[in-house]
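2 protein chains.
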Amino acid sequence: MNNIMPKDRQPLATPTPEIYVDSVLFQLIDDELAVLLTQRELDPYKGMWALPGGINAKGETTYDAMQNVLKAKTGIKVAQLGFIEQLYTFDTVTRDPRGHAVSVTYMGLGRGLAPTATPVKRHAQFFPLSQVPDLGFDHNQIITYAHDRLIAKLSYTNAVFALLPSLFTLSQLQAAYEAVLGRTLDKRNFRKKYLSLNLITETSELHMEGAHRPARLYKFNNSSLEYLSRSFD
Amino acid sequence: MNNIMPKDRQPLATPTPEIYVDSVLFQLIDDELAVLLTQRELDPYKGMWALPGGINAKGETTYDAMQNVLKAKTGIKVAQLGFIEQLYTFDTVTRDPRGHAVSVTYMGLGRGLAPTATPVKRHAQFFPLSQVPDLGFDHNQIITYAHDRLIAKLSYTNAVFALLPSLFTLSQLQAAYEAVLGRTLDKRNFRKKYLSLNLITETSELHMEGAHRPARLYKFNNSSLEYLSRSFD
DNA sequence: GCAAAAGTGTTAACTATACACCCATGG
DNA sequence: CCATGGGTGTATAGTTAACACTTTTGC
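These protein sequence lines are chains A and B, in that order. Using our numbering, the final residue of the first sequence is 240, and nothing's skipped along the way. Using our numbering, the final residue of the second sequence is 240, and nothing's skipped along the way.
Since the hints were derived computationally from the structure, they do not count as laboratory data. One should not assume that every hint holds.
With a cut-off of at most 27 Å between alpha-carbon atoms, the simulated BS3-like pairs for lysine-lysine come out as follows [as the list claims (entries may be wrong)]: (1) B:Lys65 - B:Lys53; (2) A:Lys200 - B:Lys200; (3) A:Lys78 - A:Lys53; (4) B:Lys200 - A:Lys160; (5) B:Lys226 - B:Lys84; (6) A:Lys65 - A:Lys53; (7) A:Lys226 - A:Lys200; (8) A:Lys84 - A:Lys160; (9) B:Lys84 - B:Lys53; (10) A:Lys65 - B:Lys65; (11) A:Lys226 - A:Lys160; (12) B:Lys78 - B:Lys53; (13) A:Lys78 - A:Lys65; (14) B:Lys78 - A:Lys160; (15) B:Lys65 - A:Lys53; (16) B:Lys200 - B:Lys78; (17) A:Lys160 - A:Lys78; (18) A:Lys65 - A:Lys84; (19) A:Lys194 - A:Lys160; (20) B:Lys53 - A:Lys65; (21) A:Lys200 - B:Lys160.
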C-alpha cells in the first residue's frame, strides 16, 4: 500500500501524523448554551477538563471515529443529536505535548442530553459557556471557533431546530437564538421575521405552564438542515 | 509517545490513517474561473488529472505540507496567492484504492499564476471550470465543494481582492463576481452597492485600453480578508 | 386583583431591484 | 463617424428597526 508514496521526506514506519477526533457538543441548559466536556484520566493534562476526543483508528472514517469516541467517553450516541457536522481540522504539532497529531473536530447540537458513566468511565458533563474552565490542549479556542460557526449557522439555516424539542413556543425559539447570539432580540420583530421564513408551522396545541397566559406550540416543517431564503440577524 | 493511546482498537504500528493534503487553487483566465490540476505520474489514476496533493509528513503542519506539495508539484508558492484557507477534511477510506487515508484540503485564490516544470516534474495547468475533465479520486466533487465555498465567501467577505490586480476597474470587479457566481449582474446596481460597502477606494489613475472610454482604477482598502457589514448578492 | 409571560401593529429608514441612455476613446 | 466598453439616476417594492400595551392564566 505504501509503494506509491514518496519516501524521501520521512523514511519512518509512521510517516504521517496521528489522527484524533474531538467533538464540540452544545445544548441549552436553563436558556444558556452549554458544552460537553470530559475529565482527562491520563497525561497529558491528566485531571483537567477537555473536549471529548480520541484516536481515529485506521479503517474508521473520521465520522465513525467521532461516533465511537463520543459513545465510549460520554455515553452519548450521535443518533440522539439533532445535528452534527465537521468543524475544522487543527494541527497540534506545536501545542500537543504528545508530539505530532492532527485533530479533526466536529460540532453537534442536541437537547436533553445526559452523559452517563461508561465502560471507559470518564467524568463527562455539560458546562455553561460562561463557566467553562481552562481546558487541556487548545480546546478553549476550539470551543470559541465552534461557537462562532454556530452563530453563523443560525443566521442562514434552520439549525436551531436541533436545540429545541419537537414542539416549542416562539418564546423558547427566541430564547435559543438569544442564548447562542449572546444578546436579546425584539420580540415582535423576531416573531414577524421568523414566521415569514416559512420554516415553522403553528400547531393546535398550547403549552400551559406557570401563572400566565398559555403559549401556542409550533413545529419545524423539516427536521433536517435547510437554508434560509434570506439570512437572519 | 504512544504510551497514552488506547491500543485496544488497533494494535498495529500505524494505527491511524495516513494524512494527505490537496489544494484547490482558483484564478481567473479570460473572465472564467479556472482551477489548477496536475497530471498523475503514479498509480492510482496514473496519467489522469487530479488536484495537486501529496503526503503530510510527520512534523509538518497541514499548512506546511500544503505549501511544500504545491511548490513541489506545480512550482507555485503560497506567498504568490492572495488568499488561502482550509476547506474541509475528506475521508478517503471508501474511495481511495490505496487504502485508508484522510485528505485535508485547502482552497486558494490568486492571479497571474503560472505553474512551471519542477524537480518532481509533473504537468500542471489551469483548467477553466467548464473544461475540467474526469479526475482521479473524488476530486471533481472537491472542486464543486470549493466552488460553493468560494461563492459563499464572496458574498460575505472581500475575498474577491485575491482574484484581481491591485488596481482594477469596476468592470473587472464585476466580471470577477460574475465568473464566480456564474451569472450576470446589473451594472448600475453592482457599482452602487459595492461602492457603498466602503471596501474600495477610487484612485486618480485610468485604465486606457481599446477603442473606448478609459476606466477609472480602484484599489482595495485592505488586502487581507475582511467581513462585509451586509452580505452581497 | 395581581404577577407573569404571551401576544399583537404601525411607522420610518434603509436596501434591493428594475430599467436606458450618454460619454470618451481609437481607429 | 462608428464601434466599444465606461459611466450614470430614479422610482418602486421589500425589508429592517424601533417602539408599548392588552390578553390570559394561576394563585
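Status of each hint after checking the structure:
1. B:Lys65 - B:Lys53: 26 Å, holds
2. A:Lys200 - B:Lys200: With Cα atoms ~24 Å apart, Lys200 of chain A and Lys200 of chain B stay inside 27 Å; holds.
3. A:Lys78 - A:Lys53: 20 Å, holds
4. B:Lys200 - A:Lys160: 25 Å, holds
5. B:Lys226 - B:Lys84: 24 Å, holds
6. A:Lys65 - A:Lys53: 26 Å, holds
7. A:Lys226 - A:Lys200: 16 Å, holds
8. A:Lys84 - A:Lys160: Given pair Lys84 of chain A, Lys160 of chain A holds - Cα atoms ~22 Å apart, limit 27 Å.
9. B:Lys84 - B:Lys53: Answer holds: Lys84 of chain B to Lys53 of chain B is near 25 Å, not above 27 Å.
10. A:Lys65 - B:Lys65: 16 Å, holds
11. A:Lys226 - A:Lys160: Judged against 27 Å, a Cα distance of about 19 Å means the pair holds.
12. B:Lys78 - B:Lys53: 20 Å, holds
13. A:Lys78 - A:Lys65: Distance ~18 Å between Lys78 of chain A and Lys65 of chain A Cα, so the pair holds.
14. B:Lys78 - A:Lys160: Since the Cα atoms of Lys78 of chain B and Lys160 of chain A sit roughly 35 Å apart, the hinted pair is violated (cutoff 27 Å).
15. B:Lys65 - A:Lys53: Satisfied, since the Cα-Cα distance of roughly 25 Å is no more than 27 Å.
16. B:Lys200 - B:Lys78: 38 Å, violated
17. A:Lys160 - A:Lys78: The given pair, whose Cα atoms are some 25 Å apart, holds under the 27 Å limit.
18. A:Lys65 - A:Lys84: The given pair, whose Cα atoms are some 21 Å apart, holds under the 27 Å limit.
19. A:Lys194 - A:Lys160: 21 Å, holds
20. B:Lys53 - A:Lys65: 25 Å, holds
21. A:Lys200 - B:Lys160: At roughly 25 Å apart (the allowed maximum being 27 Å), Lys160 of chain B and Lys200 of chain A satisfy the hint.
The earlier numbered hints that this structure contradicts are 14, 16.
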